[in-house]
Every structure is written in C-alpha cells, then in structure tokens.
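With chain A held as given, fit chain B onto it using these hints.
Those protein sequence lines, which keep their order, are chains A and B. Numbered according to the numbering used here, the first sequence spans residues 1 to 762. Numbered according to the numbering used here, the second sequence spans residues 1001 to 1525.
Be a bit skeptical, because a hint or two may be false.
Unchecked claim - Computed from the model, here is a short list of chain A residues facing chain B with C-beta under 10 Å:
no. : residue
1   : Ser405
2   : Leu530
3   : Gly716
4   : Gly719
5   : Ala721
6   : Phe727
7   : Met730
8   : Gly737
9   : Val745
10  : Ala747
11  : Val748
12  : Gly753
13  : Leu758
What the hints assert, rightly or not - Some chain B residues close to chain A (C-beta under 10 Å, calculated; not the full set):
no. : residue
14  : Ala1289
15  : Ala1461
16  : Val1507
These are computed hints drawn from the structure, not numbers from a lab. None of the values given here were measured: they were computed from a predicted structure. Cβ atoms here follow ideal geometry from the backbone N, Cα and C, with glycine treated the same way.
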Amino acid sequence: MIDCSSFYPSTSLADFHAQGHGWADTLVCRLQTAPLPSDAAGSHLWMIIALPLLGAFICGVFGKTLGRANTYLVACGSVAGSFLLSLIILWCVNDYRTVAPNTYGEAFHYAVGWDYGVWFSAGNFRVDFGLMADHLSTSMLLVITGIGFLIHLYSTEYMAHDDGYWRFFAYLNLFVAAMLTLVLGDSLVLLFVGWEGVGMCSYLLIGFWYEDPQKAFAGRKAFITNRIGDFGFLLASFLTVATLTAFIAQAPNDNFSSSRDAAGAASKFKQGLFTRGPLSFAALESFAQAMPSGTDPSRVTLESEIATGPLKGHTYGHILTAILLLFLLGAAGKSAQIPLYVWLPDAMAGPTPVSALIHAATMVTAGVYLFCRMSYLVVLSPFAMAVIAVIGGLTALFAALIAFSQEDMKKVLAYSTVSQLGFMFMAVGSGMFWAAFLHVVTHAFFKACLFLGAGSVMHGNADEGNIRKLGGLKREMKFTWLTFAIATCAITGVVPLSGFFSKDSILHGLHTNHLEQYPAVLHFVWFLGLATAACTAFYMTRLYVLAFEGERAKDARVPHAHESGPAIRLVLGLLAFGSVAAVAWGVPFMDHPSGHEAGVQAPMENYLWPVFNTARQINDRTAFVRSEGEHGLPWGAWGMAWGIALVGTALAFFLYRSFFPARGNKPVPALEPFRKLSFHKFYVDELYDLILIRPIKFISFIFYRVIDAVVIDTIGVRGTAWLTTRFGAMLRYAQSGDAQSYAAVMAVALVAGIVLALWGSM
Amino acid sequence: MTIPEFTMADFWPVIPAGILTAAAIVLMISEVFLGAAASRTYQSLLSVLACVLAGAVALMNMTDTPRAVLQGYAVMDPFSSFLTLVVCVGTGLAALLAAGFLQHRNAERGEFYALMLFAAAGMTLLGLSNEFITLFVNLEVLSVATYALTAWLRRGSRPSEGAFKYFILGAFAAALMLYGAALLYGATGTTHLTDMAAKLRAALAETDASGGHPKQMLIYAGFLLVGAGFAFKVAAVPFHMWTPDVYEGAPTPVTALMSAGVKAAAFVALVRVFMALGPAVDPQLPFIAFSVLALLTMVVGNLLALPQRNVKRMLAYSSIAHAGYLLLGVAALFAVGKDAKVGVLSSTPLVGISGSMQSDVYQGILFYLLGYTVTAIGAFGTIVALERREDETKGNAWDLDRFAGLGSRKPGWALAMTVFMLSLGGVPPTVGFIGKVLLFRAAVDAGLLGLSIVGMLASAAGVYYYLRVVVYMYMRPAPEGALVPERRWTTELALVATAAGTVLFGVLPGPITALLQRTDMLFHR
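If we strip away everything but chain A, and leave its shape as in the complex, we get:
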C-alpha cells in the first residue's frame, strides 16, 4: 500500500490531515499525481468553454445545412469533449502540488488557474480575464458537462420531430458554454457574464416554441424576474468595489498579521488590487482573511467606520451585510427563492430537456454556487446568514405546499426544485457550505432523472402532462417507471439513496449549528426543514402514485402509452444509477480532522475542505457560528428523518391509492379551501399583479403617452429632425450650380479671413 497518510498535506493546510482508509485511499493516492503541470492545465482552461461555444456556432449557423445527424454529433461531441477535459482538470486539482497563481496573496493549492491579461480597465479600476478551477468549480464542471452531455443525448431523441432542432442544440450548447463561464470565471465580473449568458439562454429556451404566445410570455417572465435579481447582483458588485477600495486605503499592516509576514502580505494585497482589480475572488478572499471582528484599535475591523469614499461613515460590517443581501436578491432571482421564485414554474413551458438541464440541474443552482464561492464573505455577516437561512426555509416549505395540489407533472417537479433549492439556501445560511453543495450534486442527478422521466412520460403519451389523465404507467412504461421510482425514492429521502444523506446533512447542520447572535433562527429553520422533508415525501409520492400506479385514466389522450427509445432509456438509466451512486459522496465514513469537530465526515466535506478552509478559519476567529460537536454517527437524527419521510410517503400512498379512489376521486369538502389555496399557488402571482405590475403599468402608460409620445417623440425626435432638415434644405439654395457665385463665395470668405486676421493681430 502506498503511504498516503493525509489527503491534504500542503503546508498552508498543515493543520489538517486525514487518516488513510484502505483501497479507496490507495486509489485516491494514485489519482493524486496530476497528469499535467499546473501551468499547462490552467492555461488551457479556456478550451472547456470554447468547445461548446464552437458547437453552438456550428449548430446555429450551419445546423440546417449539416442535417440532423451531424448537428447531433457536433452538439453532443462538443459537450462530451468538455467533459473529458473537465475530468483531466479534476485529476489535476487532486494533486497537492497543483497551484493556481494568486496575485493578492499566497497561491491557491488544489486549484489551477490562469490570467489571460487585462479584459478592460478604466482609470485605476481593472478587470482581468482569468479562469480558475478548484474543487468547487471542478465538481460543477463535471455536473454541467456530464449531466449536460446526457441531456444532449436525450434531446436527440426527444427533439427528433422538431424542425427547429438546430436552433435548439445551438441554444443548448450556448447555455453549456455560458454556465461553464459562470463556474470557471475567477472574478465576479466574469461570473456575471456567465450569469447573464445562462439567463439569456434560459429565456431563449423557455420560449423555444415562440409561436405559442403563452410560452413566449413565460420566457419573458423568467427574463424580467431575473433582471430584478441581476440588479441586486450589480449593485452588490459596485458596493464591493467601493468597499475594497476604501479598505485598502484605510487598513494598516496589522490587519494582515495572521500571515507570517504582515507587511509583505499587505503590500502584496495592495499590489494585487492595483494590478488585477478588486473584483477577483482571490481579492475577496484576501480581504475576508484580513477583516477581523471586534473593536481592535490597531486594525480595521467589521465595526470600524469606512473613512473614505462614497460609503464614508458606515461600518464595514453593515456594508458587507448589505452586499450579501443584494447578492441574495440576485441569487433569489436565479435560484428561484422568495420573492422571485415565480418564474421557475412557468419556465416549464420550454422543452423538457431544458427543464432538466437548466431549471433543475445547473442554472438554478448558480445562486448556491455564488454563495459557496464567496463563503468567506458569508461567514462575516451573521445577519445575512440568518436571512439566507430563513428565506431558504420559507421558500422550501412554501413551494412544497404549492406542489401538493398541482396537476401538471412538470409543475410539481418545478415546485419541488424550488423547494430543494430552499434546502440548499438553508445550508448556506447555517454555514454548511459543503452540505449545500452536496445537495446541488445529488439533486442534479435525481431531479434531472425525474424531469427526463416526466419528459419520457409525455413523449409516450402524446404530450400529456396532467397526472390525473395518466395513471397505470407502471405496466406500460416499465423502464421509465423503474428509474422514476428510484429517483422519487432519492428525493424523498429513502435510505440509502443519495437524497437522504445530502438532505440529512443539511438538517443535521441546522440542528447542530447556531448563529451566536441570533440563537433561535437556525432552530426555527430546522423545523421548517423537517416540515418540508415531510411535505416532499408526500407530494412526490402523490405524483408517483397518480402517474404510475393504479389504473389508466379514462380521459387519457392515447389509450396506450409507448415506452421511449434507446437514447432516452440509456440516459434515464444512467441518471438513476447516479442518484444511487452519488450516495458515496454523502455517507459519513471518513475520519474527521483533528480539532473540536471530532467525529466522522462525508467524502464531500473532505473533498471541499480546501475551498471552505478560509471560511472555517475566519469563523474560528470570529465565532459567529457555533457548532455543537456530536460524537459518532447521528443515528437519532437519521431515524427521525427517515421516519418523517416514511410518514409522508405512507400518507400519500394511503390517500391516493385507497382513500380517494374509494370515494370515487371526489374532493373532501373540509380540505377543499386548502387545496384551492395551494392549487392557485397562494395567489402570489395575482398579488404581484395587483401590487407591482398594475401600478408599474399605469405609470409606464403615463410615461408613454405624455413623456415619450409628446415630449420625446414629437418635440425631441421629430422636432430636431425637422429643424435639421430645414437647415439642410435652406443651405441647398446656396448651391446654385453657378461657377461664378461659387468663386464669389470663396473670395468673400478669404477677404473676411484676412480682415479678421489683421484685426485680431492689431
């Protein structure tokens, strides 16, 4: 056996090491020899983005002439190529010798990165075009390209009868490229490019069948709702620039005294800000490291007031909270959280593979990724953490309640996605970043499987998505049934599938972590989480039972469903396998690092250690989040979680297998108001319409009629145009065509010039 006593033996992480554990570690040790030097891997990161981008270009421009088969080949091949490259990157970042350069401080270990030079600059402000892949982005890369490839493959069959196939694959490839930019960008600006890119592709794909006005409207709704979030994102970025600029002017070297060479670290950070700009994640990380809490007169702390710049007079802590809350607004838009979640259910108007890829597996997790990426800033503001957790908890429960009564298969899954994203936000709010990310990964598998299963059902039932009109598919679509059932078990939290462990690690974290300043918050959110878990089990089982169990509905669109073809079945099978296999990330079997958190940890926690190490160090210093260590495996909590899932499942089985069928599917009068409330989504769309959309429409009507039509159009545009043309027409009269008068004009001008010159020089 190769001696491999520690996973993370680098000097900067010397406080951490884990003991070896048999063959798995041996394999990991072998994989810990990078196939490429750091430089070579880093400088070729762009290829991962370029491949799908090229694919999008080819599909979009030549797709129609190339024909179907070639378009499929290009679209799938480019994503598969990116997947292979991502695997190489994964291999590289598992080597402890792999380092990404960092202009702002010590180099990053377990990461590759490359700075491609100045992207744009204005005055002292610079943004570089840089890409970086650490464990966090690499996992996202694999999810995006891996699941993305499977969904491309699935689409080749799903879109086989659509004439716009080339457009579809061009958009899909473009989406993959934008999403890869989002996770590879090493600065907020590049992340924002990807952020907007995925938003645009989402808009294009939701409205893919744009002839249907309702679908086009759904696309617009998604886009506009996201714009509100983007507004928050932009404001947060601007505030970040202002804060870092003020900090660098104000901070003494003492702020950097946690490093061995405080003066050197300070000057390196300043140099980095000057030459590379303040919006890079490396800058934010160094900033967070140098920002202590408390009131230390020799340093700038969270309590000190900003001395210069536009934010003068506010404390750093307050500004940071504001920044994080604005980022939360952005993340709420992209990741469909309260109050901006309304677009996601409507986004189901797009083709089903789109719902699976964009609106379940990848894009909607961008908000979670953003907070994981900036974990070191999040832990500096307990207030923001509390808000994030509460928003996540409320969203999770609220969406789950709406999912109770929805009748469209994809709508149920959409609300389920909103609800699961709420879980991830809860985890972020409690400081359990790795658990949030573990749920991102497992959710990507089982939710993609569920959506694609729903797509397969619709494919085999003449696009019928209403679960009341399906039923009995267990016998007609055996393979789809099997995979759907596995994924349902996974999301419900049946042991030992992946969803159980990821969800439970979140609930466990909510239970054991406490925000020092807001002690009750996480406990409250924990209750929300438990309730949501029960609801999840209920509505998912309802969906499963109504669609797959029982007898075929009498008003079904086609008498017999047909099973889907090989491509769809293969993808469903692989994703179902993934939903089971992803459990390997979540089972806590590895020894926990030395320290107060003795116990065991999940491989995902171990794997993401370098990414969240800074956040942990900062929290050790500030002690904003207190964690009650538990020894051994949390059997009690597991039992409770399992019990809750079982109760929800059993209740749904009872209601929809025996109770309602026995009543002839008549509604229960006592429950009817609740059903209606849930079915109409608590009238949130109507509420938004009343308090937001109508007033804005009224104001815009006034602006349109008075300001735009009269002032701008008539007076401004037509008026100046009319005046200008008049002048031109008047000048034309001088152009008589008479050579003598031309010469006369010249002569007069000349004489006037001479007179003026002489008069001026007198």
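Coordinates of chain B only, in the frame set by chain A:
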C-alpha cells in the same frame, strides 16, 4: 554649374511615383497598337499591379529613417510614405472599378488609366514636397490629370459642366495659393519650408520706424491665401461648393479617386506646410482658422447631405463632412497653451499639445484617411455596380430608388453597401468607427472638447442619411421592372476587397495603429 550628388537614399521616396509614371507611359504607348475592339482588361490589371508595387515600396519606406532628400526639396518620413500607401490602395481599387464601368460605356482606353496613374504620382509627390514650387507643380500634376478625367465621358452636359467648373475654380484656387506662396517668398526670400520657418520669425520681428511690423500683413495674407488654396483642394466649407457638381459629373471611379486620394494628398501637404510654418507665427492664427473651417465643414457638410436623394451627391457632401472631421484633427495640432486668448467652442481651457499628443493626432489623421479611402471607394464602387448608362443623361441614375429592394435582388452588394454606410456613419465594428475614435480622442486630449461635441452631433445627424440608403435597400420593395444589374468580376472584386478591409480594420486595427504609432511621423529639421 555643379551637378549635385545624389545617392540611392535620395530616390527611395520617389520610387513609387516612378513606378506609377512608368506604368502610365507603358499604358499610353501600348494603346497606340490596339484596335477599337481589342480587349483592354489588362490595362486595369496593369494599373493595379503598378499600384501594388508602388504600395509595397511605400510600406518599406515607412520604416526608414525620416530625412530630407533631393537637396531638401522633398522629405522622406512615415507621414508621406503612409500617404503613398493610401494613394496606391485608392488608385488600385479605383482602377479595378473603372474596368467594368468603362467597358459598359465603350470608353475604355489606355489614356484613362494613364491619367489616373499620373494623378496618383502627383498625389504621392505632393505628400513629400518640402518646397513651395515643387509643391505647386505636383499639385498641378494631379489637378490637371483629374480635370481631364472628370471630362472623360463626353455624353451629356454633366461631365463637361463638372470638368469646366472644376477647372475654373481649381485655377482660381491655384492662383490664390501661388499668390500666397509668392507673398511668403517676398517676406522671407526662400521657398524651402524648413528655411522659411526661421526667416518668418525674423521677418515678423522686424520693426519699422514707427514701431509697427511692416511685414506682418504680408505674411498673414500669404498664410491665408495658401490656406485657401488647400481648403479648396480638401473641399472645406466655404471653399466646397464645386464638390457636388464635380463629383456628380465625373465618372464614378474618378469620383472615388477624388474623394479619397486627392483629399488625402491635400491633407498631408496641408499638415506639412502648416506644421512647418505655423510655429513661426502666432500659433493661435492657424488654430482659429482650422477650428472655424472644421466647425463649418462638419456642420454644413452634414446638413447639406441630409435632403439629398441623389446618392452620388449625398456621398459628395458626406466627403465634405469627413474633411471636416479631419480638419478637427488638424486644428488639434495647433491647440495652444493655457494663456490662449481664444478657444473656438472649447469648454475646457486649452492644455496645449505635447509631442506625444501630436503623434496621436497624426495617427488619428492617417488612420482616418486610410479608413475613409477604403470605405468611400467601396461606397462609390456600389454605385458603379448599380448605375446604368441610359439613366445618366436624365440625371436619375443615382436616385435612392435605385437601391430599393437591393437586399433581396443582390444580397451581397446590399450587405457590402450596408457595411460602407455603417463605416461612414462611424458605427462599430467598422474602420470608420475606429478612425473616429482615434481622431476624436486625440482632439479631446488636445482640449477641443466643444468642437468635438459639435463633430459628434454632426456625425450623429449624418447617420440619418447613411442609414436611409440601408432602409431603401432592405425595407423598400424593388420598383417595377427594375433591371437586374450586370455583374463584373473586377467590380465585385473591388467591392469584396473594400468591404473586407472595412470590417477587418474595424475589428483588428492593431497592425495599422502599431505602424502609425511613431514619434517621428513628420520630419522636422
């Protein structure tokens, strides 16, 4: 009498002109042996070849050390070498356009190309003249050739009318310039620009018994007269009035050459003369003069183009407007320090122009000249492709209606014309945009903020008439019985080359700007 000793180093700058002249002579002589029906496409290609060779030599000269050559009668500097390059590009493209145009009218003769090449030789030599008599002779070489070219087609009244006006007014302007040069000679006793500067300073300082400056009036009048001569050549308002009539009457390839090459050469000579002599007198004088000219030219040129339905005339006015932007650059060269008494439309105190800023202005002017040459020749080339001989006498050969529905009839031509119109309007990603950016940035850096804003507004108004052509091409149906235009490979080659250049230099201006990024652009002793 001693024969001065010349080395090869003296001749490098004039070699391009030599190549052009030699080709012209070959063309003229070979024409003698041709029958009326003989194919003459080779003439166009030979002209293009000569231009390519001359341009290559000019490109080589770009990197050579700036120096005075031929006993100080001419200079060799990147400024003039780049002009030679621009002229060769313009003449070559115009010669390509001419082949189809002339064959269609049965007017293709070797003399036409010979005249074009003579004009081109005159332009390149004008750019490097460093002495008033040389300058005047070269100016006449190019002028006489273009007068003749304007009258090349003798069908209808327009060509001869245009040529006659051009000749009369051109002679008037030449006389003004010669008179001005004579006055300056009278004040200084020399015609060499480099000697003249020092002597002008001395002459201005002379005082007579009553304490006045006797030669001041002489010198200022000389300056203004020379300036007026140049203003005529570059078609600056109010010396612009000949332009639309002549541009409309001339054969379209010749118009293309005039709008690009003649103007470029005149600008280069103007900059050379005034940069040599300006510092000797009060620098505020040239600054005011060029600011006023730039202001008038930008505004009036654009306003006059607005109501035009005749695309050829519209392009003539547009070329006036573009001369205005270039004049803005010239004015920037003379921006003076904080103690300036005047600032035409300037909202910031003039900061004065330093050496490095000057090179920015040169870069802006030269890049703009190249960009305008490529774009304008392309735009006139589209007209060449579209116009029909039968309509010329009626005068509606160039009406906007000719462009209606071109987007569906000839998508390639319409796309090329769109590119040219966008470039003329200064819309990215075309060379016109980069040129405007460089030029206006240099002007703003020199402190000409107010004038630059006026220029921006004027060019914004210009977008209206450029885009109107695009609107006609894509949004108006083709008129009933619109003839399918003939295709000629030479014309289409020129269109492809200009359109590609317009976009390429607009996307990748780097190589050109790097070539122009030199501190010793203009040779001073």
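Of all the hints numbered above, which does this structure not satisfy? Sort the numbers upward. 1, 2, 3, 4 and 16
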